[in-house]
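Those sequence lines, one after another, are chains Z and U. First residue of the first sequence: 1, per my numbering; consecutive thereafter. First residue of the second sequence: 1, per my numbering; consecutive thereafter.
Hints may be right or wrong, so weigh each one.
[What the hints assert, rightly or not] Examples of chain Z residues lying across from chain U (beta carbon under 8 Å, computed):
| # | residue |
| --- | --- |
| 1 | Gly52 |
| 2 | Arg55 |
| 3 | Ala56 |
| 4 | Ile60 |
| 5 | Phe64 |
| 6 | Ser65 |
| 7 | Phe69 |
| 8 | Gly84 |
| 9 | Ser86 |
| 10 | Leu95 |
| 11 | Lys98 |
| 12 | Glu101 |
| 13 | Phe103 |
| 14 | Phe104 |
| 15 | Gly107 |
[To be verified] With the C-beta cut set under 8 Å, the calculated list includes, among others, these residues of chain Z facing chain U:
| # | residue |
| --- | --- |
| 16 | Pro8 |
| 17 | Phe45 |
| 18 | Phe90 |
[To be verified] Distance ranges between label pairs, derived from CB positions:
| # | chain 1 | residue 1 | chain 2 | residue 2 | range |
| --- | --- | --- | --- | --- | --- |
| 19 | Z | Ser80 | U | His38 | 31 to 41 Å |
| 20 | U | His73 | Z | Ser27 | 12 to 22 Å |
| 21 | U | His69 | Z | Phe69 | 32 to 42 Å |
| 22 | Z | Thr13 | U | Lys53 | 26 to 36 Å |
| 23 | Z | Lys57 | U | Ser26 | 35 to 45 Å |
| 24 | Z | Asp40 | U | Ser7 | 36 to 46 Å |
| 25 | U | His73 | Z | Phe69 | 15 to 25 Å |
| 26 | U | Thr75 | Z | Ser80 | 44 to 54 Å |
If you are wondering where the hints come from, they were derived from the structure by calculation, not from laboratory data. Since the model is a prediction, treat every value here as computed from it, not as a measurement. Note that CB positions come from ideal geometry on N, CA and C, so glycine has one too.
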Amino acid sequence: DSGVTQTPKHLITATGQRVTLRCSPRSGDLSVYWYQQSLDQGLQFLIQYYNGEERAKGNILERFSAQQFPDLHSELNLSSLELGDSALYFCASSLGQKNTEAFFGQGTRLTVV
Amino acid sequence: KNEVEQSPQNLTAQEGEFITINCSYSVGISALHWLQQHPGGGIVSLFMLSSGKKKHGRLIATINIQEKHSSLHITASHPRDSAVYICAVRGGSEKLVFGKGTKLTVNP
């Protein structure tokens, strides 16, 4: 158990809908990262937050947004869902802002039908 | 060309064999990570390294910064080592760039 909790584990929704994925980092970790893993693209970095502030941005679509709350949990919001958004979404947390080991959650499997 | 290339893509071994998975990258990095992803999907961080060599149990990771190359070795492989092994590099920003993974199957 990495100490990172993601909910829900599975999510099935229809095209056009909006969903929210939640991540609770390890106790004491200030950084939260979101990643998308699809069959054709592999793992891709989406976004990083550190202590409530956005720190780095990757290949995150405009339809997607994220935030980190004062209690350090994070949410990834996906809207106007398309079939191609079906993927595993991972959250990871780390203690520091740079170059510290990251611990991964078990992922949320999103299926858009 | 991907920034991170792994080889081989697939690897089948017999229990007890010595395994090597390679990772080459084309950008300057501050750190390289080796990750393990089991069939259930969960990802475990195995190593983070920026120079030299690290060892944890039967796993050894090495990196050569000049040659932009890293290897992950598994000694005395076991069926429970069957997983996808992913190399990822961290450049100047905190963005991690991932290789496509090496699927390892260890047969009893």
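Against the structure, the hints:
The interface hint given for Z:Gly52 is violated, since its Cβ lies 15 Å from the closest Cβ of chain U, which is over the 8 Å cut-off. Against a cut-off of 8 Å between C-beta atoms, the interface hint on Z:Arg55 holds, since the closest Cβ of chain U lies about 6 Å away. Hint on Z:Ala56 holds. Least Cβ distance to chain U is approximately 4 Å, under the 8 Å limit. For Z:Ile60, the shortest C-beta to C-beta distance to chain U is roughly 11 Å, which exceeds 8 Å, and the interface hint is violated.
Restraint check, Z:Phe64 versus chain U: the minimum CB separation of about 16 Å is more than 8 Å; hint violated. Evaluation of the Z:Ser65 hint against chain U yields a violated restraint, the C-beta minimum of about 18 Å exceeding 8 Å. At its closest, the beta carbon of Z:Phe69 sits 20 Å from a beta carbon of chain U; the interface hint therefore is violated under the 8 Å criterion. Proximity of Z:Gly84 to chain U is violated relative to the hint, the smallest CB-CB distance being about 18 Å (cut-off 8 Å).
At a threshold of 8 Å, the smallest CB-CB gap from Z:Ser86 to chain U is about 14 Å, leaving the interface hint violated. The interface hint given for Z:Leu95 is violated, since its Cβ lies 12 Å from the closest Cβ of chain U, which is over the 8 Å cut-off. For Z:Lys98, the interface hint holds, the least distance from its beta-carbon to any beta-carbon of chain U being 6 Å, beneath 8 Å. For Z:Glu101, the shortest C-beta to C-beta distance to chain U is roughly 5 Å, which falls under 8 Å, so the interface hint holds.
Given hint, Z:Phe103 at the interface with chain U, holds; its Cβ is 6 Å from that chain's nearest Cβ, closer than 8 Å. Residue-level restraint check for Z:Phe104 holds (minimum Cβ-Cβ distance to chain U is 4 Å; threshold 8 Å). Interface restraint check: Z:Gly107 against chain U, minimum CB-CB distance 5 Å, threshold 8 Å, status holds. Interface hint at Z:Pro8: violated, since its Cβ lies 14 Å from the closest Cβ of chain U, which is beyond the 8 Å cut-off.
Proximity of Z:Phe45 to chain U holds as hinted, the smallest CB-CB distance being about 5 Å (cut-off 8 Å). A distance limit of 8 Å between C-beta atoms decides the matter here; for Z:Phe90 the minimum to chain U is near 6 Å, and the interface restraint holds. At roughly 32 Å, the beta carbons of Z:Ser80 and U:His38 sit within the given window of 31 to 41 Å. Taking the beta carbon of each, U:His73 and Z:Ser27 are about 33 Å apart, not inside 12 to 22 Å as hinted.
U:His69 and Z:Phe69 have their C-beta atoms about 41 Å apart, which keeps the hinted 32 to 42 Å range intact. Restraint check, Z:Thr13 to U:Lys53: a C-beta distance of roughly 46 Å breaks the suggested window 26 to 36 Å. Checked against the hint of 35 to 45 Å, the pair Z:Lys57 and U:Ser26 fails, with Cβ atoms roughly 22 Å apart. The beta-carbon spacing between Z:Asp40 and U:Ser7, approximately 20 Å, falls outside the hinted interval of 36 to 46 Å.
Hint check: U:His73 to Z:Phe69, Cβ distance near 41 Å, so the stated range 15 to 25 Å is violated. Between U:Thr75 and Z:Ser80 the Cβ separation comes to about 49 Å, which falls inside the hinted range of 44 to 54 Å.
Violated hints, in rising order: 1, 4, 5, 6, 7, 8, 9, 10, 16, 20, 22, 23, 24, 25; the structure is consistent with all others.
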